[in-house]
Amino acid sequence: MIIEMICSGFGGQGALTVGKFLSLAAMKEGKDVSWLPSYGPEMRGGTANVAVVISDKQIASPLVNHPDLLIALNKPSVDKFGPMIKSGGLMIANSDMCPDKLNRKDIEEVYAPMSSIATEIGSTKVLNMVSLGVIISKTELVKYETVEKDLREILGKKNPTLLEANLKAIKKGMELGKKA
Amino acid sequence: MAEKVLMKGNEAIAEAALRAGCRLYFAYPITPQSELIEYMSKMMPKVGGTFVQSESEIAAINMVYGASGCGKRVMTSSSSPGISLKQEGISYIAGASLPAVIVNVVRGGPGLGDIQPAQGDYFQATRGGGHGDYRTIVLAPSTVQEFADMAPLAFDLADKYRIAVLILSDGLIGQMMEPVEFQPAKTDEELEELGRQHESWCMYPNEDEPNHHHHIINSLELDPHVLSDLVLNLEKKYNEIEKNEIRFEEYNISPDNEIVCVAYGTAARITKSAIDELKKEGKSIGLIRPITLWPFPTEEIKKAVHNNVKKVLTLELSLGQMIEDVRLALEGKVPVEFIGRVGGLVFSPEEVKAKIEEIL
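Chains as they are written, first to last, in the numbering used here: chain C, 1 to 180; chain R, 1001 to 1360.
Simulated from the structure, these hints should not be mistaken for laboratory data.
Idealized CB from N, CA, C, for every residue including glycine.
Treat each hint with caution, since some may be false.
[Claimed, not checked] Chain R regions said to be covered by chain C (calculated; three or more residues, Cβ under 8 Å):
| hint | region |
| --- | --- |
| 1 | 1173-1179 |
| 2 | 1346-1352 |
[To be verified] DMTMM-like mimics (lysine to aspartate or glutamate), calculated; alpha carbons at most 20 Å apart, straight line:
| hint | chain 1 | residue 1 | chain 2 | residue 2 |
| --- | --- | --- | --- | --- |
| 3 | C | Lys138 | C | Glu175 |
| 4 | C | Lys86 | R | Glu1351 |
| 5 | C | Lys28 | C | Glu175 |
| 6 | C | Lys57 | R | Glu1249 |
| 7 | C | Lys20 | R | Glu1250 |
| 8 | R | Lys1004 | C | Glu175 |
| 9 | C | Lys57 | R | Glu1192 |
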């Protein structure tokens, strides 16, 4: 098994972070992972993306040109990477920021109102984690329990409120993923 | 081995250096290497070491020169333009036969270039880099794990041969996160023992004792006969290193290979993906990945390129620098083809596959 993905969004939306938590969980579950960020002169509000590869075997190239899976947190990400998704692949997009659908017949497209969900939960920061929830329910890439454990280790003491908001966002994403 | 952690290459090499007993680190920030200096600034005080963000790269390398003269494990790091600035100091370190570890997280050049991964510093790294007749050992990692493992290796080689060891990474390996397992940290006793190994030459071997004496460390020798002897002694050391320290990886090398690729670092990883794809189609392509760029695995490449091999393909993120060493190794035995990218661009596995198919 080898899954190549791109997580992309405005700087500050947490595209790189969601990729990191996916990589971390996959690593804990015994997979090899690589997390390669775009590291140009990025800034808050600009676009940022990360290429993540998850594999049973040792990963050779960490580059991702045609992803199996795209997390697009904003419209420019859909425009840029949507057409690159492999046939049979999956795109999870933030419908609050992507009014137009990609409408590719050969991939599955899941649109989730990530920004609204995050606002409802009470922390706009956690919109990225909704996409992680969708991935957990739509694929067998990582388990919810692994991600929860990692989040507890990292945020548990430092920011329990943010931890709960993150977990809520993931669960909401899982619900949406099941319906989609 | 310890638990796996997910870390950037730049952070992993810093952590591994601390564990290897590096207690002095001097550097000036530059992308795509800055996480390394950042990690050192945070962690060095916690292990009781000294961190200095110097006023310039030149200052940093000269601090390394001084600290190394005291027999301590010392490191500096930078990216391409900063490494150019350090060359004078590296030459002095070579002239004075001092151990030091220098990390270059290579970016696109020449000049200030850009901040994307490149391999354009191969010539500089493998040909000494500064003025005069000298060599540095050059280690080229291709994964975050290997980058981290090269810290203890580099310090051990530097101590063993009293030589500067350059770790030639690139922006991709520096910025990327991958799982990494660290070797256990050296204990205080082990560090003291390492210090004692340098007493025969370091500046102040027994400062606290009443009969303390000093050694003079210098790279200036005005008598040409004496300097000649010094340089010939360096040559002996370099010959010894060429005999003992060549490291390389063979990937899919077999008697069926029609083409053998030669690539290092990031370029080698991408080549492996292309080789895997071609293998599915029944095509047998081998890869030699030099891990030490100096000493270069000359004989090993010659051996891998057996009589059935029709062509050799060198792959670099440059205009073609290592290809000269590959050609020297093969002595015209087979044609040597090349694929390169410059300016911080990286070829994709598909592009490498297409190139191999073109020359097959």
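Decide if the proposed pair is consistent with the structure: Lys57 (chain C) and Glu1192 (chain R), CA atoms, cutoff 20 Å inclusive. Violated, because 41 Å separates the two Cα atoms, which is more than 20 Å.
With the threshold set at 20 Å, check whether the alpha-carbon distance from Lys28 (chain C) to Glu175 (chain C) stays at or below it. Violated, because 24 Å separates the two Cα atoms, which is more than 20 Å.
With a cut-off of 20 Å on the C-alpha distance, tell me whether Lys86 (chain C) and Glu1351 (chain R) pass. holds (17 Å)
Please work out if Lys20 (chain C) and Glu1250 (chain R) have their alpha carbons no farther apart than 20 Å. Roughly 31 Å between the alpha carbons, so the hint for Lys20 (chain C) and Glu1250 (chain R) is violated.
Pair hint outcome, Lys57 (chain C) versus Glu1249 (chain R) [Cα-Cα no greater than 20 Å]: holds (18 Å)
Holds or violated: the region 1173-1179 of chain R covered by chain C, criterion of 3 or more residues with Cβ-Cβ distance under 8 Å? Contact hint for the region 1173-1179 of chain R vs chain C: holds, 5 residues under 8 Å.
Are the Cα atoms of Lys1004 (chain R) and Glu175 (chain C) separated by 20 Å or less? Violated, at roughly 31 Å.
Holds or violated: Lys138 (chain C) to Glu175 (chain C), with C-alpha atoms at most 20 Å apart: holds (10 Å)
Can you tell me if the region 1346-1352 of chain R counts as covered by chain C, using C-beta to C-beta distances under 8 Å and a minimum of three residues? Coverage by chain C holds for the region 1346-1352 of chain R (4 residues, Cβ < 8 Å).
Going down the numbered hints, you'll see the structure goes against 5, 7, 8, 9, while the others check out.
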